Each structure stands twice: as structure tokens, then as C-alpha cells.
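Undergrad: The primary structure of each chain is shown beneath.
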Amino acid sequence: MIRPHRTHTLWFAYILHRLSGLSLALFLPAHFYIMSLALTQPERLDGFLKWTDLMIVKVAEYGLVFLLAVHIFGGLRLMALEWLPWSNGQKTLAAAAVGGAFLISTMFFMRAI
Amino acid sequence: MKATPDTLTVSVWRGAESGGSFESFEVPNFESQTILDIVAWIQQNSDPTLTYRYACRVGMCGSCAMMVNGVPRWTCRTHVQKVVQDNRVEIAPLRNLPVIKDLATDMDPFFDKWIAAEGLHHPTKSRHDPIEQINPESAARVEAASGIECINCSVCYAACDTVANNPDYLGPAALQRAWTVYNDSKDAGRQQVLDAVSGVGGCHNCHSQGSCAVHCPNDLNPMKAIAGLKRATATSFFRKGSRT
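Residue numbers (the numbering used here), protein chains in the order written: chain A, 64 to 176; chain B, 65 to 308.
Just to be clear, a hint being listed does not mean it is correct.
[Stated by the list, open to error] Computed spacing ranges between beta-carbons, pair by pair:
(1) A:LEU139 x B:PRO231: 29 to 39 Å
(2) B:PRO112 x A:SER150: 25 to 35 Å
(3) A:MET98 x B:SER202: 52 to 62 Å
(4) B:ASP283 x A:LEU85: 29 to 39 Å
Worth flagging that the hints you see were computed from the coordinates, not collected in a lab.
Here the structure is a predicted model, which is why all the values come from computation and not from measurement.
Idealized CB from N, CA, C, for every residue including glycine.
The following block holds chain B by itself, in its conformation from the complex (with noise of 0.2 Å):
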């Protein structure tokens, strides 16, 4: 059996948007750490001037996403054993998103897109009124529940190789919510979501690549979300277009 070596050799990301690079740390190879574990070794015993976001470390926040090795993953719930190639593991900022500091990127365009794709509740009623029953078995809640767990973490945003070449590209997780909205029956909205992405950076830009189904820590699907959302925008449209 071969030997577990004391250390790892972590290459971390060091700068701000307008460039850095990456800077090496000997950080010691405990067993059953994650990468934040050893991200927040190098800050508490390296140098502490490493700057990194993360808050719950159990995987419910979406805070820490970092690139490690090249591919976007939730470091608190990510075993360095799982990915570590020859004793080594690069960590970076999460692309597609401007970078604050070190590890830390701006997640500002990532919320705006939410927003701008309607992925916000539009209310049916009023708080005197009383609480609709909802079918949890109906087709459309089943399909609005699979995507309520989005933790909103933007692993998908940085897996996405389209929002990288298109930056009006909506992006796999407001997409993801728009179409959980738009299923929502207590939503009123329904037009406005359809017509907030079926615009210049719409769902229609979607190349269904599956990387952000892939990528995803949670399991979820932007890609059949989006395919659900070009399929009701054509619907739409053909049925405005048969009515005038």
C-alpha cells in the first residue's frame, strides 16, 4: 500500500480582477479534510491575509464554491481525497464572476441575473386571505419542486461555457428559477418570466452542453429547466401569433 505523504501542495489563487497568480503552501494531509478545511489552514497558519467566503460548511449555504483542480465544486463538502492528483490541488476563484479578492468573487451579476429573469415570487394573494391547498403531486409542483433546492451557490454560472463566451447570458441557475417559478400555481407571473427570458441573453441561448447538470452539487438539472422554458416561451409564442 502506498504511503500517505504528510503533506499536500496547494496552489492558490493570489489577486484581485485586475491579475494575480497562483502562490504554493505546504498544508498538512489530515485525514477526511475538505478543501475548505485546508483553505482555512492556509489562513490561519500561512497567511492570513488569504481572502475566501464560506459560512455554514455543511453544504446548505452555497458560500464557499471554489474552481479546484479546474472544475467548480462546493468546497466545504468536497474530501481532498476525492480530488488530489499527485499529492497537488490548485484552487481558484469561481469563473465567470469578477473576482474581489483571492478566493472571493463578486456574486453581484450572478443575483442581478436572478432578478432580471423574474426569478422572484409574484404574489396571487394577500396575507388575509387563506392558504391555497396545493397538490404536491400535481406535474407542475413536481416539476417546480425539483429545482427549490438550488442553494444558489453558482457552481453552474462558472461550469457554464456560454455564459463565459455571452456575458447577457441569464445563466443556468436564474433560469433554473425562473422555470421553478413559472410552475409554481401560486405565482402570477407567469408571463413576465417567460418574457424576461426569452429575450437577447434568454434561455434560447442555452447550447445544452449539461455541464451545469453535471456540476451541480445538489443533482439538480438547469439544462431540462431550460429545455422546459424554450418549450413554453415557443408555445407562447406560436399561440400570441395564432391569436393575432
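Bound-form chain A, shown alone (with noise of 0.2 Å):
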């Protein structure tokens, strides 16, 4: 429950992070095992690989390359936060890993569509 406490950007910043990171943690298992299929199961692989094709798909992975990307930037804010000296524009700089996430996701999409 978002609690009136934490209603900021940077506690939005945090759950974000901690939420695609457990989504990105729940998906990597399928797709590591999917990708096996290229070496156990080749027709296999092929078969999913034309669920890809479908616009529900896409989508999926439009919000899984979103997930992938704003983990990326979310961590190098928190990589940088913890390791270089202070700066004071950490709102700045979480709201630039969601602009950046969506970004490129949105690049993504428009390739795939």
C-alpha cells in the first residue's frame, strides 16, 4: 500500500526498481530455458519463436524491454549514487531512468510493429 509517507519520487523510484527487478528475475528462467531449445529442441524453438509474431506479444515484450531498461538506468543512479561523490539532482536523475527506459522501449516497439 502506497502510504501517504511515501508519495515521492524517489520512494516511486525504489519500488520500480525492486519491482522490475523481480519481474526480470521471474523471466529469466522461461527465457534462458527457451533459448536452450536452440541446441535440445530446435523445432521447438521455432514454434515459440512464432508467437512473436502476434501483437499481444509485442506488447509483452515492449513492457519487458521497458522493465529491462529502467533496471539498467535505475541501478547506474544507485551505482553512482553509492560509489561517486554526492549530486544533489537524484529526482533528475530517477525520472531520466524512466524517460530513458521509455525511450528506448518505445524504439523497440516501433521496430517491431
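Hints in hand, dock the two standalone chains.
TA: Below, the structure written as C-alpha cells:
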């Protein structure tokens, strides 16, 4: 539950980073399993890859690329926060991470459709 | 223009650590009154058994912090008009601390963690030594000066979700105090500070949610101080490693 004391930019950046990380952790085992089919059962892999022609799968990939990009950019911000001299623009950097992720994932989606 | 209602409906948490509930009071809606004013009005006019804590009333002592509509605030300098919602205000004891009674919390865990974080002075000289000159513009002094306005109100401690989820976590105020001491050239306990803040409940538990900095009534930035401690402890760790 988003309680009143949490309604600020960096808390939203925190929860987005956490949820995107958990989502990617859930996705990656399935991703590696399907990739492994290239070695073990190539005909089944071709069947899976046909799904990527469906619009709903393209939209899901759009979401996946957004989660990956926002987790990378958010993680870079956190590493900079902890390892580099302090920067006062943390809210701006968090917003830029979301903006950059949105840009990259939208470009991916535009190319896909 | 909307007419200002004559009264406010104020929900005040009543009870102790074992349990309690909100009790509603109708309070006159005076102009320019603070949250502490309406708590005092209730205690003086509606229910003398209401327990709360305050001292200076001018934002210096850090005694009167409470949860106001779910947000930790210094009540003596929080105007009702700034926080009132639909003519209602909800007032509760500070989060993350044991409740003694009603709105008064037990601050012992908060101050115990200041000591656990070595947030105390470790002298370099005795009273017989000449007073050391400090350059107020040196980088370390500027860093130390940014934290010394902390009034120990525990607002940051109540705002912190990491404190809520990890009872061992030292919390933003204690760690900011440790960072201030660490940067004080008159302090002889720099390594003691780093050892104290790099343990189980130390600075590396911080998730950089930033609620401490958002809600600090004195506009301090404990998240920045904790980031400084993370860098200092990591640097110290790698230096130690390179010597062994």
C-alpha cells in the first residue's frame, strides 16, 4: 500500500527498481529455458518464435524491454549514488532513468510493429 | 469563496503499545493554529488524560513530532491549514517507535542507536590544550556542518521503511550523526565510526528511498550522509584489504 509518507519521487523510483528486478528474475529462467531449446529441440524453438508475430506478444516484449532498461538505468543511478561524489539531482536522475527506458522501449516497439 | 467551517474533526490515536484506537474530537477551527495547538486544545478542553510530548513550541527541541495524516511532522511548526483534508486531521504517535501512551512514544531505541552508531564525540585534546582552529570552508567541515542542525525529532526515523522492516537498522538520524562525527577534524574516532556503521544494522542496509530527506523538517539530507558512509566504509574496507 502506498502510504502518505511514500508519495515522493525517490520512493517511486525505489519501488519501480524493486518490482522491475523481481519481474526480470521471474522472466529470466523462462528466457534461458526457451533459448536452450536452440540446442536441444530446435523445432520447438521455431514454434515459440512464431508467437513473436502476435501483437500481444510484441506489447509484452515492449513491457519487458522497458523493465530491463529502467532497471539498468535505475541501477546505474544507485551505483553512482553510492560510489561517486554526491549529486543533488537525484529526482532528476530518477526521472531521466524512466524517460530513457521509455524512449528505448518505444523505439524497440516501433521497430517491432 | 468557500466559508471556513467553525470546527475541525480531529482523530487522535488513544492507547498504548498493547493496542488502541482512534478517538474523534471536535476542535475550534482557529486561524493560524498548529497541529500542536489543537492537540493542546483537546487536552485542555476535552480530555485531560490525553498524553503527548512537547517542550519548546518553536521547532528547536524535537519533542513534538507525530504522524499527521500518515506523514511524520514536527507538530509545533505544522499549520493545520497546510495538512487539513476535508476538514479532518488524523494524529497518531510516531511510527517505528514503541508507544508509551496516546501520542507519546518511547524515544529510547532512537537514542540508543545514536550511541550504537558512535554518534558521540571522541576527543582529540584535553581542556589544557589550545583550541584548534578549524577552517569553516574545508570540504570535511562543510560536510559536517550540513548535519549538525539535526534536532533529534525522529521524523526521519518514523519515515524510514528500512527501519520498519529491520529493527536492527540504525536509522537515518543516527547514521547522519555518525557521518557528521566522521567529518569532524576534532574527532578521534573515525575508524570506530566506520566499524560501528558497517555492521549488521549499518549504513549498507539503506535502500535510498529518500523518505528521510523528504520529510526532515530542517531540510537535512540523511540519505546523502548515508551515501557518504557507504563510500567511506567501502574505501576503508579496500584499503585494509590492500595492506594484508
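Undergrad: Compare the structure with each hint and give your call.
TA: Each hint tested on the structure:
1. Distance hint check for LEU139 of chain A and PRO231 of chain B: the Cβ-Cβ separation is about 31 Å, which falls inside the suggested range of 29 to 39 Å.
2. For PRO112 of chain B paired with SER150 of chain A, a C-beta distance near 51 Å fails the hint of 25 to 35 Å.
3. Between MET98 of chain A and SER202 of chain B the Cβ separation comes to about 55 Å, which falls inside the hinted range of 52 to 62 Å.
4. Between ASP283 of chain B and LEU85 of chain A the CB atoms are about 33 Å apart, so this pair conforms to the stated range of 29 to 39 Å.
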